[in-house]
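Starting from the known structure of chain A, arrange chains B and C on it as the hints suggest.
So you can see what is in the structure, the chains are spelled out below.
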Amino acid sequence: MNPDAVAVPEAVQPAPDPGVSRFALWLAAGAVLTLVLTALSLLIGTSSLRTSIEWLRSPDAQANTVLWQIRLPRATGAWLAGALLGLGGAIAQGLFRNPLAEPYLLGSSAGAGLGVSLTLIAADTSLSGLAWGAEIGITGAAFLGACGGIGLTVLLSRGAMQTASLLLAGIVVGFLLSAVQSLLLLSSPDTWRAMQAFLLGSTGYLNWHSSGLLGAAFLVCMLPTVLLARGLTALTLGEETAQSLGLSIAFLRLSLLAILSLATASTVGQVGAIGFVGLVAPHLVRETRPVNQRQLLIAAPLCGGILLQTADLISRWVVRPAELPVGVVTSCLGGSYLVFLLWRRARRV
Amino acid sequence: MRGRTALGAWLRLIVGCAAIAGAPIAGRPSAAAQITAAPNGAAPIVLEDAAHHTLRLDHPPQRVVTLLPSITETVCALGEGARLVGTDRYSNWPAMVQKLPKAGGLDDADIELIVSLQPDVVILAHAARITERLRELGVVTFDVETRTYEDIARSVTAIGAVLGVPNQAIKLNRDIERSVNDAAVGARLALSGRTPSVYYEVDRGPYAAGPQSFIGEMLARLGTRNIVTAELGPFPKLNPEYVVRHDPDVIFISATDAPELKRRPGWDQLRAVREHRVCAFDRDTTDTIVRPGPRVAEGFAAIAACLGHVAP
Amino acid sequence: MSEPFPLVGRELSVSYGGRRVLERLSVDIHAGAWTSVVGPNGSGKSTLLRALGGLLDLEHGSVWLHGRPVQAWPRSDRARRIAWLAQSSAPADLTVAECVALGRFAHTGWLGALRSRDEAAIARAMAATGAQGWAGRRITTLSGGERQRVHLARVLAAEASVLLLDEPTTHLDPPHQEDIGRLMREQAHGCGVTIVSAIHDLSLALMADRLLVMSEDGLVGHGTPHDAVNGDWLSRAFGKPIKIIGTAGGYAWQPQIGSKPSSGDPATERRPATERRASYRAASR
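For the record, the sequence lines run as chains A, B and C.
My numbering puts the first sequence at residues 2 to 350.
My numbering puts the second sequence at residues 101 to 412.
My numbering puts the third sequence at residues 138 to 422.
For reference, chain A alone in the conformation it holds in the complex (with noise of 0.2 Å):
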């Protein structure tokens, strides 16, 4: 090391990052997958290919109320649920600084999936419950379920001040809650089909309007995520160092963990419970292509809501005209990619 190059040019430039206008190029690509996939959705459902194909050109009413009403809001819908779950995970894995943290780790699908049994029971057993529950809907119940499960973590570590017991708080939450959510099924045993059918996720009953509640979700998530990006990078250097740069921790923890809140909640009350997008989406887009944080929380959406539309896809195909519950799907998938890259990893050893 010359210990004269102390004096530098003032003109030296670090070299631009290559990667920049490449990564527009990976979004891109992304994006004209998930038109693919959506013009696929219009296609595959319980018509065959053939029938699709001419009722795009020559439309009837029952034809256009399966294309435009059901197909494309579930086809929406199925990519922004993805999207949240998604950034919910780039979100918890750069939290907590934990490569298998997921977005449901804070007791939001436990809270959730408590609402929703809650909600069931009371419409089986009494009819002011019955109205009260179509009132709010299982959307309703399982959005306050995930909120108030967020919202019982946090209290339980004491307003978030340590990353670590925030995460023994969620894992102990999600425990409670779905023991509770257990008893309550088996006093009640005629809403375990109905529970079940929630737990494993499902993209069937997505319209225009969840489909709006998703975009709307969505945008909020986002925008701040994208302005908190250069405090997350700075928090993967660990707290003490972030803090020394003049970052306020708290802040960041908060912030995140509202959005953390939101996408989840939101997710879970239109779509139920799936599993493993939340994981798999950062990793995935770790592998195709190494981002800084930034990008990975605009890439993680992406790469989620591609997930979820394809898992959708394939649950609608395979046992037509019956489905597959997506949670099934999503599972296969994700549990069999985490197997490969096990595989890769023993053969690289």
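FYI, nobody ran anything at the bench for these hints, they're computed from the structure.
Since the model is a prediction, treat every value here as computed from it, not as a measurement.
Now the in silico label distances, taken between C-beta atoms and shown as ranges:
#1 A:Arg58 with B:Tyr249: 45 to 51 Å
#2 B:Thr329 with C:Ala227: 55 to 61 Å
#3 A:Ser189 with B:Arg156: 36 to 42 Å
#4 B:Arg371 with A:Pro100: 51 to 57 Å
The beta carbon of each residue, even a glycine, is placed where N, CA and C say it ideally should be.
Just chains B and C now, with coordinates in the frame of chain A:
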């Protein structure tokens, strides 16, 4: 290698002996093949049940535990409800049954409670996991098959035989047959030749009742056409789009799920929804529909009544 | 800054898990000087650094930065004046350029783009630590020593007036250790930066302008290396005889592991001119 062929030979010998031993009482599952008891007498009972186990009782059982609602209802309909000492948690008819000790469900039965009740026989559905466990503990079990419409008559006969009241069983079967026929005739009159297409939703999902299910059988009896085809299985989880495409004349659904039918994408376009041809059954009515038991005629009549009103 | 002590700690008391690590410790850090904190493991070197950086909740006592309590400074102002290097950094998935650019966080804030001033500071810092060729590489692909230099560059890029460095020379091979030592001297003497470092390597620590010798029982002494040698602070701190010999460049630690007697007597002879001047300065304080 030689050891293995020897073992195989022994196994075949043992199985052969068992088969020979079981042969004299061979018969159709759950058929009361050998009733070696005098009717309503206190003589020994020897029966083979749906699991091909032989039941031997010295005298008709006085303490009976049932682990399925339809079996409970059958016992009570035979007039022997007083002999019940315990049921499963889902049995709720008739009212007197609700006060009995509850021994859990079919899959998670409370073994300890059952044993402590000291039953003379436990009557449960075919292929329940706990059967083996109870038999190990020395409890006498009796399997009945209770899935299809034909099973109803068979199980009534079998349960009547177990309880030592075969005459009452014959009478009950006649009554059931008669009320079902009455309801069917009444339904056909009300429908007056129409064959509406129907969709029966069993649960949110949506899970539909296919033709192979008990509900599907009843619907077929009434002359309706199920939009679900047989190859989809008894309770398929449908793509909601399927219902929109087939546009059933009548929709059957539980009262709790009925309000949000309109909110499902595309379902507000369904004729059945627009013209209010939705039969929403409350819990008690649904119980009579889904349980293949003595109240089958009630369920039948409920469906028929609603159909008569709303079918186009 | 004309003030003599930009960083002052008064009656600092910190406990970890029931154990008192710092007990009413008071230090005045000299401006424009490189102070090296030495002491055995568990004496509280890292803790002292953290406390001085305002990163710890103190049970008792206070830290003063440029005459104001460190907690009274707005977060970003404080971050612009104190830069801290952790003992070990979590392996982050960043490129070298991104990592060093994070050093400017206090100046750019959450959203600000890097201006030419920032770019220049980053370039200078990377050149100073020899990391200028690695801008596009990911730090996970670097060796331990290379990563250390990148983090040092990040700290330098902040252009703070006070640097708190916790073990800045671990993982570095001797030539690089020398370079870092030289760099710290230049920053202190040439740019007037106040540097406090915790360094395990005694010979390197003895290159500093001032020594802060700590033991498990508290502060042993705070003064020039000459004072430390004269007062045999190191032996007291470590609880064992530590042999320091005078050399042309300053002082060096001679590990006593062989039976061969040492060649020179400790420090009583050949005080270099710089040390004489330093001791006169100390005497006239």
